[in-house]
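Input sequences plus hints: build the corresponding full structure.
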Amino acid sequence: MVETLEWGPFGVKASTTDGRVFRADQAVVTLPLGILKAGRVRFIPELPEEKQLAIAQLGLADAVKLFFHFEERIFPEGIVELYVPGANPDEWWSSTAGHGVGVEILTALATGDKARELLALPEEAALKNALQTLRQALGRPDLTPNKARLAHWQDEPHILGAYSKASVGASKARSVLARPVGYRLFFAGEHTASNAWAATVHGAYASGRRAAQEILALKPQTPRQAFRGREVRALVPSAQS
Amino acid sequence: MKTLVIGAGAAGLAAAQDLQKANHQVVVLEAQHRVGGRIRTDRSFAAVPIELGAEFIHSSQVPTYPLPAQFGLRTHYFNQQEDTLVRLPDGSLRTIAQVGCQERGYNNIRMVDWPAASGEESLAEYLQRNQLSGQKIPYKLQEYISDFDNPRRLSAQAALEFLYDKSAEEGDFRILDGYD
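From first to last, the protein sequence lines stand for chains A and B. When we follow our numbering, the leftmost residue of the first sequence carries the number 1, and every step to the right adds one. When we follow our numbering, the leftmost residue of the second sequence carries the number 1, and every step to the right adds one.
A hint or two may mislead.
[Claimed, not checked] Cross-link-like lysine-lysine pairs, in silico, DSS-like; alpha carbons within 25 Å at most:
#1 LYS136(B) with LYS13(A)
#2 LYS147(A) with LYS128(A)
#3 LYS13(A) with LYS21(B)
#4 LYS2(B) with LYS172(A)
#5 LYS136(B) with LYS166(B)
#6 LYS51(A) with LYS37(A)
#7 LYS51(A) with LYS13(A)
#8 LYS2(B) with LYS21(B)
#9 LYS172(A) with LYS147(A)
Honestly, the hints are just simulated from the structure, not real lab data. Everything numeric in this text was worked out from a predicted model, so none of it was measured.
Below is the structure:
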């Protein structure tokens, strides 16, 4: 993994934990918010203060997905999703819908306090509690899956969290995180998408394309007036050639 | 021009693809032994794939919507109205189409006049100030709350920016063959 990322007028230089060095004119940093928050990659020099503040302000959602495999269909015909206000988990859907199979996998999502509550338990107990919610919601105390598991991202060493969340006071943080730094570092990832698109694959995808466009705008054929000020020109070697 | 792309998730791969198409030299660095980031399809749990990470394409209004068809992948549409049940306080189950927010239903979210957020207030403060609770909250906002956190901890402004987006006007598409 990348351990340090040096940036400056010379370009960028990434050094990995296994001792390899990669140099380029610029970098697109798509490190997950959890990795940025944990400071796992050292930027040399450090990122501007506004970026560091935004990294701290923007929340990281606690989230856990739970999967229950049943030998029979559970949801009524034509139903694919169930919302149980106040319950834990409160959001359930069928991950077999549209497959035309006789079994059913119900997937549940819990976030925030609910996720923390479940993740504090051993996996088996968390699954049992969640199943109890489903039984109550559907009025089917007999419901018994033949297989169950859960998944979360908070302990994945190269991810460290599910997705960003716009905490109170952080409505501008994502747009700050999306800004390039010194025409050397460009930023993408779900946490750099707009508040409308963040925390999703389409947000991540669109942010990657946006970062590519920002870099392509630095190309030599770009009219010089696109770069304002001497400092900027000095940082774009290809624009001088 | 040479670019390092750090991370081979959806963002990094999209950036790398566009740069490569423009004849840039691109090196993608990935810490794990797989690409995809927080997209991770599991095929060992059951005969049907499950998604340990991202699972849906959120409406036909987003740039990833055309991709499954381009790769010959099948999707299933969750309309989140007739096909979604909500459990009411009396314990009965009704579809969102039957009991969902009529006055500010998510199909006409953009037509209703949602009041603006006041500064950096929380979503809980916003909902209380505007007397929005229970069935007055459209399903897409309920889902936003379920997907993130307690409204006390969420920015009202950011939630409204989501709610006013085109992508919040429709249901979700699930990729039957797996997101990866």
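Taking the hints in turn, this is what the structure says about them:
no., hint, verdict
1, LYS136(B) with LYS13(A), "violated (53 Å)"
2, LYS147(A) with LYS128(A), "holds (12 Å)"
3, LYS13(A) with LYS21(B), "holds (23 Å)"
4, LYS2(B) with LYS172(A), "violated (31 Å)"
5, LYS136(B) with LYS166(B), "holds (20 Å)"
6, LYS51(A) with LYS37(A), "holds (11 Å)"
7, LYS51(A) with LYS13(A), "holds (20 Å)"
8, LYS2(B) with LYS21(B), "holds (13 Å)"
9, LYS172(A) with LYS147(A), "violated (43 Å)"
Checked against the numbered hints above, the structure breaks hints 1, 4, 9 and satisfies the rest.
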